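Based on these hints, arrange chain B on the given structure of chain A.
The lines below spell out each chain.
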Amino acid sequence: MSTETSRRAFLGIGLSAAGTLLLPGCRSVLPPSYGSLIGLGDTMTFAAHRLLLPRMALAQEFDRSKISAFPAINTTDPKDETYQRHRAANFVDWRLPVDGLVTRPLTLSLEDLKRFPARTQITQHSCERGWSAIGEWTGVTLGRVLEAAGIQAEARYVVFRCYDRLWDSIDLIDAFHPQTLLAYGMNGGEVPVPHGAPIRLRVERQLGYKNLKFLRRITVVDRLDGIEKGKGSLAAEFGYSWYAGI
Amino acid sequence: MGYLEPMTSSTPAAPEHRAAVRITHWVNTLSFVALVISGVAILMAHPRLYWGDVGNDEMAAAIELPLALNLKHSGWGRSLHFLGAWVTLLNGIVYVGSGLVLGHFRKRLGVTSAGRAVDSSYDLPQKLVYLTVVFVLLPAIILTGLTMSPAVTAAVPTLTALFGGRQSARTLHFFLAVAMVLFLAVHLIQVTRAGFGSQVRAMTLGAKRR
Numbered sequence: 000m001s002t003e004t005s006r007r008a009f010l011g012i013g014l015s016a017a018g019t020l021l022l023p024g025c026r027s028v029l030p031p032s033y034g035s036l037i038g039l040g041d042t043m044t045f046a047a048h049r050l051l052l053p054r055m056a057l058a059q060e061f062d063r064s065k066i067s068a069f070p071a072i073n074t075t076d077p078k079d080e081t082y083q084r085h086r087a088a089n090f091v092d093w094r095l096p097v098d099g100l101v102t103r104p105l106t107l108s109l110e111d112l113k114r115f116p117a118r119t120q121i122t123q124h125s126c127e128r129g130w131s132a133i134g135e136w137t138g139v140t141l142g143r144v145l146e147a148a149g150i151q152a153e154a155r156y157v158v159f160r161c162y163d164r165l166w167d168s169i170d171l172i173d174a175f176h177p178q179t180l181l182a183y184g185m186n187g188g189e190v191p192v193p194h195g196a197p198i199r200l201r202v203e204r205q206l207g208y209k210n211l212k213f214l215r216r217i218t219v220v221d222r223l224d225g226i227e228k229g230k231g232s233l234a235a236e237f238g239y240s241w242y243a244g245i
Numbered sequence: 000m001g002y003l004e005p006m007t008s009s010t011p012a013a014p015e016h017r018a019a020v021r022i023t024h025w026v027n028t029l030s031f032v033a034l035v036i037s038g039v040a041i042l043m044a045h046p047r048l049y050w051g052d053v054g055n056d057e058m059a060a061a062i063e064l065p066l067a068l069n070l071k072h073s074g075w076g077r078s079l080h081f082l083g084a085w086v087t088l089l090n091g092i093v094y095v096g097s098g099l100v101l102g103h104f105r106k107r108l109g110v111t112s113a114g115r116a117v118d119s120s121y122d123l124p125q126k127l128v129y130l131t132v133v134f135v136l137l138p139a140i141i142l143t144g145l146t147m148s149p150a151v152t153a154a155v156p157t158l159t160a161l162f163g164g165r166q167s168a169r170t171l172h173f174f175l176a177v178a179m180v181l182f183l184a185v186h187l188i189q190v191t192r193a194g195f196g197s198q199v200r201a202m203t204l205g206a207k208r209r
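So the protein sequences, as listed, match chains A and B. Numbering that gives the first Met the number 0 puts the first residue of the first sequence at 0, with every later residue one more than the last. Numbering that gives the first Met the number 0 puts the first residue of the second sequence at 0, with every later residue one more than the last.
No lab work stands behind these hints: they were computed from the structure. Because the structure is a prediction, the values reported are computed rather than measured.
DMTMM-like, lysine to aspartate or glutamate: derived pairs with alpha carbons at most 20 Å apart:
1. A:K113 - A:E135
2. B:K106 - B:D118
3. A:K78 - A:D163
4. A:K65 - B:D56
5. B:K71 - A:E236
6. A:K65 - B:E57
7. A:K113 - A:E189
8. B:K106 - B:D122
9. A:K228 - A:D163
10. A:K65 - B:D52
11. B:K106 - B:E15
12. A:K113 - A:D92
The shape of chain A in the complex, shown without the other chains:
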């Protein structure tokens, strides 16, 4: 039932997205970079991708033999006290709230996430700096979790908050993409701490910085302008494009 609701909502959003991108007055699905001169190229890229590229196209998946060395950058062990406590207890009391514009807010444990059907994919992580690495990720698709929570019709974005203080957001097209995972496994084991334990977001059609580590909370929203500085992510506050499908 909730699946039906969210599917219908998703379909409606998809159709209206195609329409509103063509109407300059209507900004509901325009990216937060909209309106700045230097962000104009990123806005055009986002619009072109959403209008021209198949929404469910899958990122290339590789053979196990292609798994490569994988540098861990930025925060590799969050200083946050709560995180350190969870880490010391092997994340048994760690919980992931899924709230916002959902009909049934959830609070998921690692075990809860592992009870969903799992998906494993071997994909390329493309860092904005220019390097890349291939890794295997196992987890539950974000779409399944959002369907379990039942997203409401006004929902437009999914916001993620993390223990390393990063936060970011994606639109519902990437949120419901079949390769967008809440990953608890990497290369056959648990996600190691430097790579984002216990849960790392995988958004395979965007650059590395959208693949947030150390997830803390998931919130479904209708707009981003009321959150922090209204740029949709901490990376955007530092001058990186909100949309990183490039």
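Just chain B now, kept in the frame of chain A:
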């Protein structure tokens, strides 16, 4: 019509340029400069080149560029690079489209079946270089750029296969950019030798040769 008048002098004279050529030339100048500056800004974040699908600091590089590592400029760098890329693409479509429709390429860059230049403003090597830049280098640099886009390659995986992997595409993109900068250097030398002032005037105002 200027083109049809016989050349009375053997010294290279500034050719007349159509408005479409003049406008797209200067728009392209701006976007080219933006692309080079922002390209270097992005490259500074990881001045190592690889071949194949993957490459990172824990792997051997094919080429280590003599460029200081600097992580502070890839954010605005990438945004400016895409702004420049969009302007170049749209401007390029106007340039190539008008060139084909109005016969600019045939008249200026064409070669007769006897191997003689149709228009003697440019000699044969110049024509070949211009044609290569417009119809080989530019499309290749756009395609290798798109191959670095995870969203585009998900939709068009053929691109990754065509260039032998994401990192190969990145390396090719770099060398194609170097080729474009070298072309610009030669172009500026040629323009200077042919008379910088009159050439720039012709490309700006479309002034007749004098």
